[in-house]
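Number of protein chains: 4
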Amino acid sequence: MLIRIDYQDSRPIYEQIAAGVERLILSGVIEPDEQLPSVRSLAMELSTNPNTVQKAFAQLERDGFIYTVKGRGNFVQKNISLIENKKQELIDAIKAILKEAEELGISKSEILKDLES
Amino acid sequence: MLIRIDYQDSRPIYEQIAAGVERLILSGVIEPDEQLPSVRSLAMELSTNPNTVQKAFAQLERDGFIYTVKGRGNFVQKNISLIENKKQELIDAIKAILKEAEELGISKSEILKDLES
Amino acid sequence: MLIRIDYQDSRPIYEQIAAGVERLILSGVIEPDEQLPSVRSLAMELSTNPNTVQKAFAQLERDGFIYTVKGRGNFVQKNISLIENKKQELIDAIKAILKEAEELGISKSEILKDLES
Amino acid sequence: MLIRIDYQDSRPIYEQIAAGVERLILSGVIEPDEQLPSVRSLAMELSTNPNTVQKAFAQLERDGFIYTVKGRGNFVQKNISLIENKKQELIDAIKAILKEAEELGISKSEILKDLES
DNA sequence: GTGGTCTAGACCACC
DNA sequence: GTGGTCTAGACCACG
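Chains as they are written, first to last, in the working numbering: chain A, 1 to 117; chain B, 1001 to 1117; chain C, 2001 to 2117; chain D, 3001 to 3117.
Note that these hints are calculated values from the structure, not bench results. Some hints could be false.
To be verified - In the DSBU-like style, the derived pairs of lysine-lysine whose C-alpha atoms are separated by at most 30 Å in a straight line are:
1. K86/A with K99/A
2. K55/A with K86/A
3. K108/A with K1108/B
4. K70/A with K95/A
5. K2108/C with K3070/D
6. K3113/D with K2108/C
7. K99/A with K1086/B
8. K86/A with K1078/B
9. K78/A with K3113/D
Please work from the sequences and hints to get the whole structure.
Laid out in structure tokens, this is it:
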């Protein structure tokens, strides 16, 4: 699954797992309607507790990235516009940073100029 | 002091206070060697616990924004390059976002283009 | 058989099948003493497990909608008042909702008024 | 807190708790910005596990009924329009039932007429 | 086999 | 004291 857990990271493990799966979905590594590894197997693979993986999957379902079929498994939601939403989210994050910069008297263009190095 | 605490914010109170003071320093509202309000008075002003303000000041000292003189109070560090450091920090934050975008197949220029709207 | 299974539905598959057959019986699409499709053929048609269809039929028999003849198959119960029972069931469901509304201080008439839009 | 858990109920315990708190909020028993009992104390009172109460509170926060301040407690969200949303939800539930009835050939007015008894 | 729920007990950050 | 996270282990419904 190519997800790595960093125990130094301040984020809880279940969020790191959710973020990892989200990345794999948005980048197309896992395709729509494809089945995810089971809660238990992924927990084994990541050397963590099934409950923790379960919590990650629950969050992913709540956020619309996957859907769950009880007794069958978890599957990737087929929703093409997700990547667009994510893009907008990233743009908003950058805008928030630029706003913070302007509060300190640093102009937008000044930041963007230095972005190439 | 013009610091606002948002109890709905996920960040702990002491970080919000530290961030607020940092902003006031970097934007020049509080000048180098100027004295900060006392822990107790700021705690009163923000209706919070002195321990919490103390923790914020400790973090600010650790990060080099202020220095403490026992029995006298806390003062702003005179370090002109601080604003440059902060600018670099913000640029790094944006770069991290752009890197995340590229992992999802969104090009840097595509993001920057949409940054004007 | 015109039964559709929604894997995103929170209800288990066997309940969705039972509800579908019940609807077909109550609406008269399948008539009294008419034979239902076999467990295996219906399982094929719905791309599901025969055990699941079997469970649905067991529930339908328990609820008095069908009867089973071993070695022959499953048949629709001839019971004309079924539709009346169902109607009462629906009315009770609405009453339960109205009761919940009153607990929140919303009057019965207030709800019924908005039911036309 | 006047919440009762029914172990016969098919709903999980954490949902029953969440539903109970939601009812107390919507009916005005607990007022905006008022503090809820702590996770631990409510767990004791209901003779259940703190984790279970925690899960209920997490769902309530996700649904916008309460907000959490780490190290302080959980508080009722001040959102006046919540009752309106709930009302709409109940109306939709009734409409779904009426739609089901029409599929069986029972008219809307026929149901509403019997609603008075 | 699968996911979902629950318990008991622990540790942490925060106030 | 508070909430948040995690582990270990158990039981259940479902397919």
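* **Non-conforming hints, listed in increasing numerical order** => 4, 5, 8 and 9
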